[in-house]
Every structure is written in C-alpha cells, then in structure tokens.
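Using the hints, position chains B, C, D, E and F against chain A.
If you read the sequences in order, they're chains A, B, C, D, E and F. When we follow this note's numbering, the leftmost residue of the first sequence carries the number 1, and every step to the right adds one. When we follow this note's numbering, the leftmost residue of the second sequence carries the number 1, and every step to the right adds one. When we follow this note's numbering, the leftmost residue of the third sequence carries the number 1, and every step to the right adds one. When we follow this note's numbering, the leftmost residue of the fourth sequence carries the number 1, and every step to the right adds one. When we follow this note's numbering, the leftmost residue of the fifth sequence carries the number 1, and every step to the right adds one. When we follow this note's numbering, the leftmost residue of the sixth sequence carries the number 1, and every step to the right adds one.
Rather than coming from a laboratory, the hints here were simulated on the basis of the structure. Any given hint could turn out to be false.
The list makes no distinction among identical chains, and a pair is therefore deemed to hold if it is satisfied within one copy or across any two copies.
Calculated lysine-lysine pairs in the DSBU-like style (CA-CA distance at most 35 angstroms, straight line) [to be verified]:
#	residue 1	residue 2
1	Lys32	Lys52
2	Lys32	Lys116
3	Lys91	Lys102
4	Lys102	Lys116
5	Lys32	Lys113
6	Lys72	Lys106
7	Lys106	Lys91
Note that the coordinates shown come from a computational prediction; the quantities given were computed from them, not determined experimentally.
6 protein chains.
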Amino acid sequence: MLLVTKRLHFSASHRLHNAELSDQENKDIYGKCNNPNGHGHNYILEVTVAGKEDPKTGMVIDLKLLKEIIQKTLIDQVDHSHLNLDVSFLKNKIPTTEVLAKEFWKLLEKKIKTGKLYEIKIFESQNNVVIYRGGGK
Amino acid sequence: MLLVTKRLHFSASHRLHNAELSDQENKDIYGKCNNPNGHGHNYILEVTVAGKEDPKTGMVIDLKLLKEIIQKTLIDQVDHSHLNLDVSFLKNKIPTTEVLAKEFWKLLEKKIKTGKLYEIKIFESQNNVVIYRGGGK
Amino acid sequence: MLLVTKRLHFSASHRLHNAELSDQENKDIYGKCNNPNGHGHNYILEVTVAGKEDPKTGMVIDLKLLKEIIQKTLIDQVDHSHLNLDVSFLKNKIPTTEVLAKEFWKLLEKKIKTGKLYEIKIFESQNNVVIYRGGGK
Amino acid sequence: MLLVTKRLHFSASHRLHNAELSDQENKDIYGKCNNPNGHGHNYILEVTVAGKEDPKTGMVIDLKLLKEIIQKTLIDQVDHSHLNLDVSFLKNKIPTTEVLAKEFWKLLEKKIKTGKLYEIKIFESQNNVVIYRGGGK
Amino acid sequence: MLLVTKRLHFSASHRLHNAELSDQENKDIYGKCNNPNGHGHNYILEVTVAGKEDPKTGMVIDLKLLKEIIQKTLIDQVDHSHLNLDVSFLKNKIPTTEVLAKEFWKLLEKKIKTGKLYEIKIFESQNNVVIYRGGGK
Amino acid sequence: MLLVTKRLHFSASHRLHNAELSDQENKDIYGKCNNPNGHGHNYILEVTVAGKEDPKTGMVIDLKLLKEIIQKTLIDQVDHSHLNLDVSFLKNKIPTTEVLAKEFWKLLEKKIKTGKLYEIKIFESQNNVVIYRGGGK
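This is chain A alone, in the form it adopts within the complex:
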C-alpha cells in the first residue's frame, strides 16, 4: 500500500441551512452556523491517491499534475466563493464538510487516471475534520 497526499487551501463562506425545514428548526440544528449572512473558513483539503510507483519516475503520480487537477476541478470552483450561492455542484445542497467531501470525491475520482483516488480529507478548522474514502450512497 503506497499513498501520496497533496494538500491545498481554499477560503470560502457558507451557511448551514436546510430549505425544507422551518427557520426555527434550522436554528435549533445549526446554531450560529445558520447565520443568514453566512460565515467562513480557511479550508484545508488533502487528496490522497493510492498506487504503485512507476519504476521510470519513482512516483505514484506526479504531484505537480495532481495539484493541477485538484486546482482546476475543485479549488477554482470553491476558493473565494460563497459555497451556497456561487458553486454550481453545491446548489440545493447543505454545504457541511461531509457533503463537500462527497461532492469533491464525485468530481475528482474520474479525473485521477494514474493510481486511484483513496481519500479526501477536509479540515473546516483545526478542530473539525471530515474524511471520505468513497462507497456508501
């Protein structure tokens, strides 16, 4: 088992709000995270790819290439954005870190052609972290 991880950052705002619930229910569930004008984070995104090292290059996947893929597929969509309002693949979704991780996986998985996407890890803050390794629904 050989894994390589690339770490990137993005800054975004979001609001946790389920449009199918009442305002009071939303407030009860999300507390301060339901603030109508939103709030924000410096997210850290770690993408891990599993594979074997290519004997020609000594690499599982070129990390410069992996960075470009993540940048174009994910960071360019979410950096300096409001996740609820500006990001097409999050429209009508509740942008919790769990949902982010799963949506990121869907977009990224098909773009990784050397090795295989193994894990998406997102730090919403130093103290709140989500990992998704695919599977489930």
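This is chains B, C, D, E and F only, laid out in the frame that chain A set:
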C-alpha cells in the same frame, strides 16, 4: 519588558469592497476578494498585554480574565458572522485585516485595566498577517 | 466510509510507575518519566466517529454535540489533573498514552449514539502519538 | 538588528499556589491551576540572541552552541520535572509562565557570551504565551 | 488495533533524475526538481508500530527505544546528507519520497522486534506526503 | 505602528563552508552542515512591511502585489536551488540564514514602494530562526 499573549479563533466571512469606487475599480483592486457573495476565513487573533507581574499572583494579567474580555468585546461580535453585514463597529468600513486590527484595538484598549494593551495580531490565513501596536490615526 | 473528527486539548501531569515493580526496575523502564513528583503534557485528543450523513442535516454527527460528550465524559475528568492521583478510572493503572486511549474508548464508546466510535488518537507531544481503534483486550 | 532564535521543548508539571494566601484565595485566583496534585504542559521555549554576524562564520552565534547552553542551563533543570518541587531556582516561587521567563533570563543572560540575550519566549500552550526582554525588577 | 507513532526530522538535499533517460526527458518529468545541483527539504518522518500494550509497562513499544532504532537505522544515514550522493542504500535509485518510504521500510522492518512495523509516513513538505504500509513489490 | 506580513516557502540546499579556512577548521565550525555534497531545508520566509493603511483600499500594501515582488525578487532565485552554486547574489558568501536574511533585505528594500520594509524573518527549520530589521553593516 514583560508581555503576555492570549490566542483565540473566530470564523467569519467578508467582502473587500469600497462603496465609493466603481465595480470595475473594486475588481481591479481586490480581485477575488471582491466576490459579491463574499468568502471567509478562520481568523486567529493574538492579543498581547504589557505590564509587570503582580507579586501576589505572579501574573501580569490573569489569562482567564483576558480571554473573557476578548471573548465578550470582540469574538462574540465577529465569530460566525459576515463582517460587512453583521458587525456594527465595521459598518461602512472595508473589512481588511488592517482595519479589523485597528477597530479591535479601539474597543479593547479601554477594557484592559491590568497592564496595557501592547499589540493586536491577526492571521487572516497562515500566510497573511497584520500587527497593530496603537498610535497613528 | 465517512469519518468526522473532533479535536480537543487537555493539560495534565502523570508519573509512569508500575507499583508491582521495584524502584530500580521502574527507573530502568521509564527513565525520566518515572520522576516521583511527575511531569506534564498538553495532550491533544482526536475522536473520530464513522457513519453516514443524515440527509436532513448533512452531518454524520453534530460536532457541537460530539464536543459536549467528549468534554463531559473525558476532558472534565482529566484536564488540569494529575492522571495517577485525581482520575478515578485510571486508579491503579499506569497512565501511558496507550492505556489512556483504551480507557477513553471504554468510556466514550457507549456515549456515541449517532454513528459509531471509530478511533481515538492522543498526542502526548508533537512527536509521540497513540491511536486506538477498539478490539483486542 | 540581527536576531537568531533557538526553539526547544520541555515537559513539566506545576501548581499555581501562593503559600501566603489562604486556600480559598488561591482557588479564587488560580481556579483549576490550583489543583493540589498539579497538572502539566509541553512548554515551548524560544531564546533569541541579538548581535552581528561574525564575518568568519556568517553566524551571530553557533546555534549548536546556543542549544547546548540552553539545554544545560535550563532544560536539564526543568524537563520531566515538577516545577514547584524539583527545581531549585523556583523554590518558594509561584511558577507562572511570567516567573519562569524572568528566572530563565537571570540564569541564561550571563551564559551568552557571543551576542546578547534579547528575548525569552515561553508557550505554556498554543494559546498562552509570555515574552520577557529583560529590565524591570 | 493499537498503534504508536514516533516523529523525527531530517534535513537533506536530493535531485530527481533517472540516469536511463535523456536530460530533456528528465527535465520534462521532474521540472525544477531536476536541477543538477539539487535542492533540499526538512523531511518529517513518522514511524508507526502496531501491537498490544505490555501489561508490565503499559506500552506497545518503548518510544525511547523506537527513537534510537530509527535514529541509528535511518536518520544517521540521511540527515544532513545529499540523498543521491551520500546514502549507500539509495545509490542508483531515484530519491522520490515514494522510494524513500519503501527503502526505509526494508531497513526498519527487521529492526522492530516489539510489535510490528505498520506504517512509514514522510512529509517532504507540509503539502507533499507519502505513506507506505508494506507489501507490493 | 501597522505591520503586514506575507509568508512564503522555498526549498533549497546549501553547504556551510568558508573557503578561506582549512577543511579541518570548516568541519570544526560547521559540523554536519559542512558536508561536501550539501544538505537542504524547506525554508519559510516572512516579509513584514510597515506603513499606514490607504483609506481608499484599507490596506498598507496589497498582499498580492507584495507576494509577486517577493516571488520575483527572491523566491524565483532561490527555490529548488543549491544556494552556494546556483544563486548569483550568494556567490562567494557563506549561506547561513543570517547572511540570507541580510542579502534578501538588500534586494527587497528598494522594491517596496508602498510602506517600508520592516523585517525579514527566515525559518531554516522549525527550531532555527533568524530576523533582520536592517541597519548595521
């Protein structure tokens, strides 16, 4: 010279925008930070107080007290907020980190009664940091 | 596989000492960690819960709730304590990080009712870390 | 102004307690930090020396030498100790971080013979920090 | 599952270059990392051992012993070295972090006699990380 | 006093060696850092500019601009290089962090036209840091 520092966090969104300039000028100056729906950060705030240690307690200022003052005066106003829209002392101001630091100073300085406020340091991100030590206009 | 992690801190002192061994044996095994008056650490505790995200909330488990459970079950018992002398569930145990992780698991597992406790990770220091994922004896 | 800083760690326990005050007063002032059995921290110590670089070596002070001086003068006394009970130069003192910084300065200043001791910075935790630059009483 | 991790650092330079490829091919693959005079990193090495805690000591493996083994087997060979030119077990290999992790595993696995080597994790930088857990070829 | 800091990274190798001294003297002074083939670091560079905030922008200096200046003036010269062999402004100099900081200052000072260069801080590693604030010779 004896200095004690308390470090706290807050998460907020903001938009860099000067209402007296045209949209194009704002875009030219602030780039992605001018995104109409805003974006966000996990800010780190470090407040430093200068003084002598009280021989009775061995402390310049009780850091639990200092934390409470910062919490009530600043963090409760800005955490999980949109700085442009939710924070009364930032209304009609451009919420750059420089402006934040100076406004925080004004509010905090008069609340510190043991020792003297020496420095406000704000990390907008790991790579962008502002320090204010009072004075100027 | 969807995992959410909450990170908290506690400060405690401890002494590594096995009462069934001689003083010399204890010194040989634990070295400086056997100092009779103890020494201390800023421990970092990371608790990871596995589950599916609830479609109503977009969350595996509400991290505010998880934090409260960890706080009440573990942090309130060990923070600002001497692990050997002040903590009932560690009485007559050797408070290595391995033992801490397993005892924390026992207490926490039954309190997690949304999702399932997946991992307890404790940093005794930046350089010494223990992970426990249940099972064994 | 050219400054070089060496960073080291030590792990210690302590109890904040002023023997000249009543138990109740101590509890009121120090709260959990007054726990009779003590608690502990992974302290980070940063020592800064000011000087000019020696044209022969390109260094203000050899950092290997500075490390040895700090190790012998300070770390060997306080690491894996109980600050109140095991450290001769802290006997009858209240081991707050402020007091530590000033006592460290007294011991270290005379040992630095290349350049001049400029600052002692101690992180009791990531969020509580003290700086001492000499002077005062 | 009980895992203990020891973290150490080493500073080294390297050049990514495959002697069987042309200069142009090397440049195309490795870019700046192919600079003939090399460049360098502060590597962080995390070694994880899996096992049960010994009831006599409360430890899976004594971390002081694990540190000594890693120091002698790995760090002493690679610290303050040029990986391509100074390290016998890397001769004629391309010193990518993937290759480092696998070579480290080979050397370390047989030296761990308490518990079992579980994982080698190397941070080439904060943003580029490799994990190896044995197996494969 | 209002200060803004931009933080960037570069990876480089170097050898501490004074050509005017004998091999033995070099070895005595620099120890492992004198290894003929060099070794390397992930340097962190923090550049601090002092000024007033422009009322039009709320900024002392646009951090995107400051980043570009540092990138072009310094990082592009030293990143992925061997400091002794590849960097023209370090030719015939001993590339200690002290010397780096002073040479960086000389190059950068004249490029900062908004505000005034206040400090250059370089982390050679987490534990070895140099600050230069101009002046001296």
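Of the numbered hints stated earlier in the document, which are not met by this structure?
none
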